[in-house]
Amino acid sequence: MIDLGRLRALHAVAVHGSINAAAAALGYTPSAVSQQIAKLERETRTTLLERRGRGVVLTDAARSLAGTAHSVLALVEQAEIRLEQLRGAAVGRVRLGAFATACRGLLPPAVAALAAEQAELDLRVLEVDPPSAVEMVSRGELDVAVVHDWTNTPLAVDESLARHPLGEDHADVLVPAGHRLAEQSSVQPEDLVGERWICQPAGSICHDWLVRTMREARVEPIVAHEITEYQTQLEFLALGQGIALLPRLGRAALPPTVRALRLRPVPTRRLFAVWRERASRRPAIAVTVQALVRTWDKVVQTT
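Position 263 of the sequence shown, counting from 1, maps to 263 under UniProt numbering, and the rest follow consecutively.
The set of hints was computed from the structure by calculation and includes no laboratory data.
None of these values were measured; they are calculated from a predicted model.
Idealized CB from N, CA, C, for every residue including glycine.
A portion of the hints provided could be inaccurate.
[Claimed, not checked] Now the in silico label distances, taken between C-beta atoms and shown as ranges: (1) Ala238 / Ile2: 53 to 59 Å; (2) Val72 / Ala32: 18 to 24 Å; (3) Gln188 / Asp208: 19 to 25 Å; (4) Arg212 / Ser160: 23 to 29 Å; (5) Gln78 / Thr257: 52 to 58 Å; (6) Gly55 / Gly203: 39 to 45 Å; (7) Ser186 / Gly17: 44 to 50 Å; (8) Leu75 / Thr228: 35 to 41 Å; (9) Glu220 / Gly17: 33 to 39 Å; (10) Arg93 / Arg294: 55 to 61 Å; (11) Gln78 / Thr228: 36 to 42 Å; (12) Leu75 / Ala253: 48 to 54 Å; (13) Gly203 / Asp3: 18 to 24 Å; (14) Pro30 / Ala238: 35 to 41 Å.
[Unchecked claim] Heads up, simulated EDC-like pairs for lysine to aspartate or glutamate below, C-alpha to C-alpha not over 20 Å straight-line: (15) Lys298 / Glu117; (16) Lys39 / Asp60; (17) Lys39 / Glu50; (18) Lys298 / Glu168; (19) Lys39 / Asp3.
Make the full structure from the sequences, and use the hints.
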């Protein structure tokens with residue numbers, strides 16, 4: 001009989017294209033994935049991976065087996081859901097993904113509450129950006145994900161996924177304390193002509209939102225520094241190397257060298273949880289989403 005864990009490893013390699021990418025998606029080390037594949041080869045007496053340059057490619061047999069794996073893993077998930085329903089309790093592992101500021105500002109109290117209330121729940125957290133999180137939920141690599149989009153930049157979510165709104169988070173323009181606009185309480189895009197921006201890399205939701213919003217106001221943003229981590233953006237900003245747009249969720253107290261200004265209209269991002277529709281009957285999914293909703297209601301009062 002084929003071991004499901006090994007089958008899952010092969011399926012991940014087929015989906016992600018490499019052992020390293022599969023390991024990252026599964027939360028394993030590359031060597032652990034390689035060992036799983038090697039055991040599966042011995043188990044099936046079939047060569048599944050072939051060396052190609054510095055990487056590997058799937059053999060015809062591996063592609064055939066991986067093609068069946070998706071359906072098999074979906075059936076196993078349904079069986080586990082049914083058993084969990086019969087027990088009437090939230091049990092088992094829940095793989096929860098979230099973007100960086102949600103990992104910092106929302107998940108710690110939510111995960112702590114679940115750990116205290118649901119002793120049989122094994123919650124695992126992965127930091128991942130919203131588009132990738134949606135794909136991972138669709139593929140069964142995450143069970144629930146906290147994602148976001150901006151009101152004028154919606155996030156594509158497959159129809160096979162269920163979603164529940166958590167709330168709205170606002171963002172402010174941050175400027176150095178000595179900036180020409182530092183004493184203003186609010187600004188408009190037109191006030192920011194010629195400013196050098198510090199923002200996330202091109203292709204990210206926040207970068208694309210900033211560029212689109214400025215251009216809608218007929219202002220061409222000058223992106224001087226592309227930096228993923230918000231705290232690092234603040235370090236550049238505090239030393240006068242540009243301005244930035246930072247959300248309030250998960251934002252630490254600002255140093256005295258930085259000022260927060262409201263941007264008009266107010267930049268608003270929508271937070272929501274997504275999971276596979278077919279897993280909606282699983283009690284563990286329900287309690288996880290409920291904990292996220294409760295925690296958001298508390299967090300939003302302090303941001």
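Okay, the hints, checked on the actual structure:
A hinted range of 53 to 59 Å holds for the C-beta pair Ala238 and Ile2, which are about 56 Å apart. The hinted window of 18 to 24 Å between Val72 and Ala32 holds, with their beta carbons roughly 21 Å apart. Hint check: Gln188 to Asp208, Cβ distance near 20 Å, so the stated range 19 to 25 Å holds. At roughly 28 Å, the beta-carbon separation of Arg212 and Ser160 lies within the given 23 to 29 Å, and the hint holds.
Our hint of 52 to 58 Å for Gln78 and Thr257 holds, since their Cβ atoms are close to 55 Å apart. Evaluation of the 39 to 45 Å hint for Gly55 and Gly203 yields a failure: the beta carbon distance comes to about 24 Å. Taken as a hint, the range 44 to 50 Å holds for the pair Ser186 and Gly17, whose Cβ atoms sit roughly 47 Å apart. Under the hint 35 to 41 Å, the C-beta atoms of Leu75 and Thr228, about 38 Å apart, fit the expected range.
For the pair Glu220 and Gly17, the supplied restraint of 33 to 39 Å holds, since their beta-carbon distance comes to about 37 Å. Between Arg93 and Arg294, the C-beta spacing of about 21 Å breaks the proposed range 55 to 61 Å. A C-beta distance of roughly 37 Å is found between Gln78 and Thr228, which places it inside the suggested range of 36 to 42 Å. Range check, Leu75 to Ala253: Cβ separation about 50 Å, and the 48 to 54 Å hint holds.
At about 37 Å, the beta-carbon gap between Gly203 and Asp3 misses the expected band of 18 to 24 Å. At roughly 38 Å, the beta-carbon separation of Pro30 and Ala238 lies within the given 35 to 41 Å, and the hint holds. A distance of roughly 17 Å separates the Cα atoms of Lys298 and Glu117; the hinted pair therefore holds under the 20 Å criterion. Proximity of Lys39 to Asp60 is assessed by CA-CA distance (about 18 Å); at most 20 Å being required, the pair is judged to hold.
For the proposed pair Lys39 and Glu50, the alpha carbon gap of about 15 Å is at most 20 Å, so the pair holds. About 13 Å separates the Cα atoms of Lys298 and Glu168, which keeps this hinted pair within 20 Å; it holds. Annotation: proposed proximity of Lys39 to Asp3 holds, straight-line Cα distance about 9 Å (limit 20 Å).
When each numbered hint is compared with the structure, violations occur for hints 6, 10, 13.
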